[in-house]
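Enquirer: Sequence:
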Amino acid sequence: MLPLLLASSSPYRRELLERLRLPFSWASPDIDEQRLPDEPAADLVKRLAREKAMALATSHPDHLIIGSDQVAVLGEQILGKPHTFERACEQLLAASGNHVTFLTGLALLNSKTGDCQVDCIPFTVNMRELDLARIERYLRAEEPYDCAGSFKAEGLGVSLFQSTHGVDATSLVGLPLIRLVDMLLSEGACLP
1 MLPLLLASSS
11 PYRRELLERL
21 RLPFSWASPD
31 IDEQRLPDEP
41 AADLVKRLAR
51 EKAMALATSH
61 PDHLIIGSDQ
71 VAVLGEQILG
81 KPHTFERACE
91 QLLAASGNHV
101 TFLTGLALLN
111 SKTGDCQVDC
121 IPFTVNMREL
131 DLARIERYLR
141 AEEPYDCAGS
151 FKAEGLGVSL
161 FQSTHGVDAT
171 SLVGLPLIRL
181 VDMLLSEGAC
191 LP
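Under the UniProt record's numbering, the residue at position 48 of the sequence shown is numbered 48, and the numbers go up by one with no gaps.
By construction, these hints were calculated from the structure, which means they are not laboratory data.
The structure displayed is predicted, hence computed values, not measured ones.
All C-beta atoms in this analysis are idealised placements derived from N, C-alpha and C, irrespective of residue type, glycine included.
Treat the hints with care, as some may be off.
Here are the computed distance ranges between Cβ atoms for each label pair [to be verified]:
{"#": "1", "residue 1": "S59", "residue 2": "L93", "range": "38 to 48 angstroms"}
{"#": "2", "residue 1": "I178", "residue 2": "L156", "range": "22 to 32 angstroms"}
{"#": "3", "residue 1": "E76", "residue 2": "S163", "range": "14 to 24 angstroms"}
{"#": "4", "residue 1": "P61", "residue 2": "Q162", "range": "38 to 48 angstroms"}
{"#": "5", "residue 1": "E33", "residue 2": "N126", "range": "20 to 30 angstroms"}
{"#": "6", "residue 1": "P37", "residue 2": "Q162", "range": "26 to 36 angstroms"}
{"#": "7", "residue 1": "T84", "residue 2": "S186", "range": "19 to 29 angstroms"}
{"#": "8", "residue 1": "E129", "residue 2": "P61", "range": "45 to 55 angstroms"}
Sequences are here, hints too, so could you generate the full structure?
Expert: This is how it looks when you write it as structure tokens:
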């Protein structure tokens, strides 16, 4: 198998990829992550996942490069990373009692052949009814300002959930391992 490269600086994605017990390196791609006009959320995450992988292809020839991108969708609104306490409060108040769908774009680029597999994996979270006091306690405890939707599912954020629905819970954290394994196997990876 070609060397594996994760095109991400996300510690969450690195932790997930470590579960597969395959050696890998990582590098942060430099791309413009702006949404195109009227671009559907699923198309956005697939495009960005592919662009992240492609951005490192020249500097990493003969690699399998993993790109991933995620957005949270509430109704028709895309919820990005809040970056601030105030924005996170707004996102969680809007999500209270509703379902939020996380769309994770995944790309696996073989930089030797140019072949690129791309997919979008959805995962839905039904949120509990949340009041401002609970939201503020949560945000002060976990500070999830770098997470789409304003919570960390792998941490205390799970206390905000009523239920979850999807085929791959790891997609909620930002790297859908079940689908990634399929892609890696098609590239000749040896996994249990």
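Enquirer: Compare the structure with each hint and give your call.
Expert: We went through each hint and held it up to the structure:
no.: 1; hint: S59 <-> L93: 38 to 48 angstroms; result: 42 angstroms, holds
no.: 2; hint: I178 <-> L156: 22 to 32 angstroms; result: 25 angstroms, holds
no.: 3; hint: E76 <-> S163: 14 to 24 angstroms; result: 22 angstroms, holds
no.: 4; hint: P61 <-> Q162: 38 to 48 angstroms; result: 47 angstroms, holds
no.: 5; hint: E33 <-> N126: 20 to 30 angstroms; result: 28 angstroms, holds
no.: 6; hint: P37 <-> Q162: 26 to 36 angstroms; result: 34 angstroms, holds
no.: 7; hint: T84 <-> S186: 19 to 29 angstroms; result: 41 angstroms, violated
no.: 8; hint: E129 <-> P61: 45 to 55 angstroms; result: 52 angstroms, holds
Hint compliance for this structure: hint 7 is the single one not met.
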